[in-house]
Structures are given as C-alpha cells and as structure tokens.
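Trainee: Each chain is listed here by its residues.
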Amino acid sequence: MELLVASAIGILTAAGLYLAMRLRTFPVIIGMSLLTYAVNIFLFASGGLTVGAPPILSDATTYTDPLPQALVLTAIVISFGMTAVVVVIALGAYLGANDDHVNDLDEKEGQA
Amino acid sequence: MSHWIALPIVLPAMLAAFIVLVARFHLTIQRVFNLAGTTALVALAAGLAWNASDGTITLYQMGDWAAPFGIVLVGDRLSTMMVLLTAVLAMCVLLYAIGSGWDKRGQHFHALFQFQLMGIMGAFLTGDLFNLFVFFEVLLIASYGLMIHGGGTKRLKAGTQYVLYNLLGSTLFLFALGALYAETGTLNMADLANRVAAIQSEGSAGIRVAAVLLILVFAIKAAIAPIHFWLPSSYAEAPGPVAALFAIMTKVGAYAIIRTYTMVFPPELEITQGLFDTWLMPLGLIGLVVGMVGVLGAKQLDRLVAFSVIGSMGMLTTAVSLFTETGITAALYYVVHSTLATAALFLIVDQVREQRGEAGLALTATKPIQSAALLSGMFFVAAIAMAGLPPLSGFVGKLLILNATYSSELVVWAWAVILGTSLIAVVGFGRAGSTVFWKARQVADTEEPSEDVPEQPKAPVLPFVAIGMLIALIVAHTVLAGPINRYLAATSAQLFAPQPYISEVLETPGKDLSNAHDKDYGDKKDDAHGVADEKEGH
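Those sequence lines, one after another, are chains A and B.
Start counting the first sequence at 1; every next residue gets the next number (this note's numbering).
Start counting the second sequence at 1; every next residue gets the next number (this note's numbering).
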C-alpha cells in the first residue's frame with residue numbers, strides 16, 4: 001500500500017508539474033488541479049497509513065491519526081475555491097485578449 | 001484570557017461580511033464603515049503593541065482548547081508591531097483609495113479590503129503553521145479580487161499569472177506542512193520548536209526537506225530571487241492603492257521566515273546548518289542586484305517601483321539571513337521603512353498616471369502635469385527614502401544592515417553589493433524622475449502655449465493627504481530612529497529567546513476536561529478541524 005500511495009503522489013506531482021509549465025492557461029490549470037490532488041493524498045498519508053482503524057483515540061490499541069484528515073478537508077475546500085477563482089480570471093483574460101498564453105504581456109507594449 | 005488579541009481578525013471579518021451583505025449598493029455607507037473599521041483597527045493595534053511592549057506574551061486559545069490540540073493566537077512584540085504597521089498602512093491606503101475614487105471603479109473594493117486585512121492580521125498573529133496557511137489563503141483570495149479590481153485585459157492577464165504562481169506556492173506550502181507533520185506529529189509552532197530540537201542529525205532528511213520547502217514557500221511570498229518573477233507585472237498592473245497595500249504582503253513572507261526560523265528551526269540548530277549563510281544570503285544579494293538593475297532598466301514608472309520592491313526585499317533578506325540579533329533588528333527597521341516607502345511610491349506613481357492621461361507611465365517626456373511641483377517633490381522624497389540616501393530612513397536602515405553584516409563571512413560581498421546597488425538605484429530613480437518631471441518643461445517650451453491647461457478638473461486633495469501621511473511616517477521613522485531601534489532590539493532579543501513564548505503556549509491550561517470521558521477525544525478532533533474551517537469560512 002505504501003508503494004501504491006507513494007507512486008500515486010509521485011505520478012500526480014510529475015504530471016501536474018509538467019502541465020504547469022505549459023504556456024496556455026488550460027493545461028496549467030489542469031496541472032494545478034493534479035498538483036492539489038497529489039498534495040491532498042500526501043497530506044492524508046502524512047499521519048501514517050493505517051487500515052481499518054477508527055480515526056479517534058479509543059481504548060483499542062490502533063487508531064488512524066485524525067488530524068491529517070481534518071487538514072486534508074481544509075486543503076480540499078481551499079484548493080477547490082482557488083481553482084474556481086483562477087478559472088474565472090483566466091476566462092476573463094482570454095475573452096478580453098483573445099489569447100490564452102500565460103506568459104507575460106505582449107512585446108508590443110514594450111515592457112520588460 | 002483577554003479577547004482583545006482576536007479582534008484584529010474578527011473585526012475585519014465581520015465588517016467585510018457586513019459590507020458585502022448589507023451595504024452592497026451604498027458606496028457612502030461602505031466608505032464610512034470601512035474607514036471607521038480601519039480607524040478602530042489602528043487604535044486596537046496600538047493598544048496591543050503597547051500591551052506587548054514590556055515583553056508580555058498574550059495567548060489566546062480558540063474555543064479554550066489547550067495548545068498543541070487547539071489553535072492559538074499569540075501576540076508578542078514582533079506580531080503586534082506588524083499588526084500596527086499593517087493597520088497604519090491600511091489607513092493611508094484607504095484614504096487614498098477613497099480620495100482618488102479607485103473604490104468606485106469596480107465592485108466590492110471595501111469588502112475585499114477588509115478581508116485582505118483579516119488575512120494579513122491573522123497571518124501575523126497565529127501560532128500554528130496550518131492556521132498560517134489558512135490565513136495566507138484568506139489574504140491571497142482577497143488579493144486576487146483586489147488585484148483585478150477595475151478590470152481591463154492587461155490587469156486580468158497579470159492577475160492570471162499572479163493567481164497561478166500563488167496557487168503553486170500554496171501547493172508547496174501544503175507539501176511542506178505534510179512533511180513537517182509526518183516528521184514531528186504537530187503543527188503548532190511552539191510544539192514544533194520542542195520536537196524539532198529533539199531530532200537527531202541522522203535520519204533528519206525528512207525534516208530538512210520540510211525546512212527547505214517551507215523557506216521556499218515564504219521566499220515566493222517575499223519575492224526573493226530567483227522566484228521573484230511574479231512581482232513586477234502583478235504590482236505594476238494592480239490598481240495603485242492595491243499595489244500600495246501589497247507592500248505589506250511581501251513582508252508577510254519575510255515575517256514568516258523570521259518567525260519560523262528563529263523559533264522552529266533556530267540558527268543554532270544542527271540539522272539546518274548552511275541553509276542561511278550558504279543559500280539565503282547570496283540569494284538576497286542577487287535579489288538586490290536584480291531589483292536595482294531592474295530599476296535602471298525599467299521603461300515604465302510603475303515597473304520601476306515594482307523592481308525597487310524586489311531590490312528592497314533582497315536587502316531585507318540579506319539582513320534576515322544573518323540570523324543574529326543585530327541582523328534581525330536591522331531587518332525589522334528596514335521592514336517598516338520599506339513598507340512605507342513602497343506604499344508612498346506606488347501611490348505617487350498612481351497620481352502621475354492619473355494626471356498624465358494618455359502618456360501613461362512610459363518614461364518619456366510629455367507636457368507638464370497638474371500639481372507637478374507637489375508630485376515631483378513627493379517623488380523626490382520617496383525616491384530618496386527608497387534608494388537609501390541620507391537623510392531619510394532608508395539610509396539609516398542601510399547603515400544598520402551594513403553594520404550587522406560585519407559578523408558574516410560574506411561581509412565583503414554584502415558591502416560591495418549593497419553599496420553598488422545603491423548607486424544603481426540612485427541613477428535609476430534620478431533618470432526616471434528627471435525624465436518624467438523635468439523634461440516635461442522642455443516639452444512645454446517647444447510646444448505653442450495655446451494648449452490650455454484648465455480643461456483638466458482640479459486634482460482632489462485627499463490623495464495628497466494620504467501620500468503626505470506616508471511621507472510624514474517615513475520622516476518620523478527617521479527622526480525617532482533611536483527609540484525605534486531600541487524597541488526593535490528588544491523585539492529581536494525576544495525572538496532569540498523563544499522559551500517564554502514556548503512555555504506560555506504549551507503550559508497554559510485550556511478547558512477543564514476532568515469530568516469528560518471518551519467522547520471528548522472525538523470533540524478534540526472536531527475542534528481543531530472546526531476552527532480551521534471557521535477561519536476559512538470567513
């Protein structure tokens with residue numbers, strides 16, 4: 001299971017980073033989403049992987065660390081909201097400029 | 001337990017919600033409430049700073065839960081000082097935004113402004129790293145709204161870049177937090193300090209990765225080279241008052257570095273040796289060079305100021321990376337100076353843009369602008385402060401930093417770079433100022449005098465009052481350099497003796513649990529989670 005989770009995080013991160021370095025907004029946003037998935041799994045695993053145990057301190061000897069689950073929930077909500085924001089802003093920029101390159105503003109404006 | 005320390009976060013949160021829900025269509029009411037709220041915030045921050053000035057550490061436990069489980073707010077000298085600085089800056093910026101009518105050019109300026117303040121205040125006050133992440137997100141999401149306030153294609157494009165860059169930063173922050181939690185099992189800063197200190201140097205790979213990731217995240221926020229690329233276009237395209245408010249945002253990154261790397265990973269810690277002197281200091285110096293060369297090379301006035309921000313953050317990083325008491329004292333003096341000078345410059349540049357009309361901010365000579373004498377005078381003073389010429393606070397700050405670098409091995413490099421870039425900055429600012437303000441006269445002389453000036457409406461007074469306030473603060477920061485420096489020395493001494501902070505956080509008892517049974521374990525988890533959720537729900 002460690003191998004599965006670790007490779008999932010690794011593959012998601014690699015794909016996310018690759019896409020994030022593209023030049024157009026759509027792949028970049030998809031890349032960002034993949035990265036946030038990767039980080040969510042990473043956070044989830046940061047408390048240690050325990051199978052079939054309740055996430056509370058109980059009289060039983062094993063339990064899953066509950067805190068990463070709370071962290072992950074917050075992280076999911078935030079990254080979801082942020083992705084929505086970036087989609088809206090990117091759409092606005094695309095509709096205005098008719099161009100979806102992430103790169104700096106046109107050279108014709110003569111800016112460094 | 002005093003509740004005052006939570007108010008700088010709660011007040012803007014309530015006010016922002018109120019403005020959005022009740023006063024959405026009434027600009028006057030929004031202005032009145034925002035001004036009243038910000039004034040109250042200044043008073044509140046002053047009270048908190050006064051309370052912390054004798055070295056008291058105020059602790060606030062959310063929902064009365066004791067520290068490593070519950071989330072705490074902590075007010076010490078550094079936190080309250082940064083809160084006060086933010087409140088004062090917000091006051092000036094708000095006056096400018098109202099005076100110049102920027103708040104009318106799009107919706108929800110005042111609500112976003114208050115949300116932004118809430119995030120910044122929270123980031124300064126929190127004693128928990130995950131909570132710091134949440135407040136970072138609060139201030140970022142408000143800043144996305146402010147950054148594209150007023151719309152326009154160029155601004156939206158710059159906004160997209162800014163948001164994407166910060167999204168990447170947030171993801172990195174989460175990776176860092178996950179790694180820290182996996183290694184130590186806690187995210188409370190005081191608790192982390194204890195546990196990290198107990199880690200042996202073998203098997204410390206994980207915690208070292210976490211330390212580097214964390215400093216990377218804060219470096220993105222603080223625009224330290226080589227990850228400063230987001231700054232010039234974001235700050236240049238953002239509305240003037242928003243860029244001025246953003247002056248404090250880079251300092252949030254610097255604050256986070258100072259806080260985390262004096263407490264959690266203190267300089268004497270064996271496992272993080274080399275992080276600062278080998279990496280951070282050269283990067284600070286490179287940032288200084290990049291910024292000041294950018295000042296010289298910029299073709300537009302707003303980009304010039306944005307590059308000077310990178311330069312000043314480089315200078316700040318150099319001072320911080322010493323991680324000695326004198327270094328941090330100098331850095332803190334420079335934080336205040338650079339925040340005020342940056343804000344003043346962005347506001348002045350915005351006025352120039354307003355007055356010049358079509359010519360915009362390109363560094364070419366055009367007709368003289370209205371109230372050119374006053375504006376150019378203000379630009380002159382603010383540029384002197386920013387470039388670090390005597391007699392203003394930039395010079396004092398630079399002296400303090402030069403003095404502090406004596407202890408470093410890189411002292412020759414630091415002196416050479418700091419002094420060399422000062423010269424470049426002076427030339428850059430001088431060239432820009434003379435092109436924009438002086439050459440205007442020549443253009444006017446060559447043109448026929450029939451071009452009538454009075455067609456322009458008279459410039460409003462309030463923006464100049466706001467800029468004047470900032471310049472007055474810079475002057476005060478210079479005149480009172482002695483007492484301020486003594487206070488900052490005490491602040492930095494408190495940072496380097498974190499034991500009272502740690503024991504205050506960890507040893508204060510929370511809610512009485514003696515008559516609670518099994519079910520309370522579950523509640524505890526719900527609480528940590530609930531508080532975080534509540535934060536982000538604001």
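No wet-lab data here; the hints were simulated from the structure.
A portion of the hints provided could be inaccurate.
[To be verified] Chain A side only, calculated, beta carbon under 7 Å to chain B, not exhaustive: (1) L43; (2) A84; (3) V86; (4) V88; (5) I89; (6) A93; (7) G96.
[Claimed, not checked] Part of the chain B face toward chain A, derived, beta carbon under 8 Å: (8) R105; (9) L156; (10) T160; (11) Q161; (12) V163; (13) L168; (14) S170; (15) L174; (16) G178; (17) L283; (18) I286.
From the three backbone atoms N, C-alpha and C, an ideal C-beta is built for every residue, glycine too.
Trainee: Which of the listed hints are not met by the structure?
Mentor: 2, 4, 8, 17 and 18
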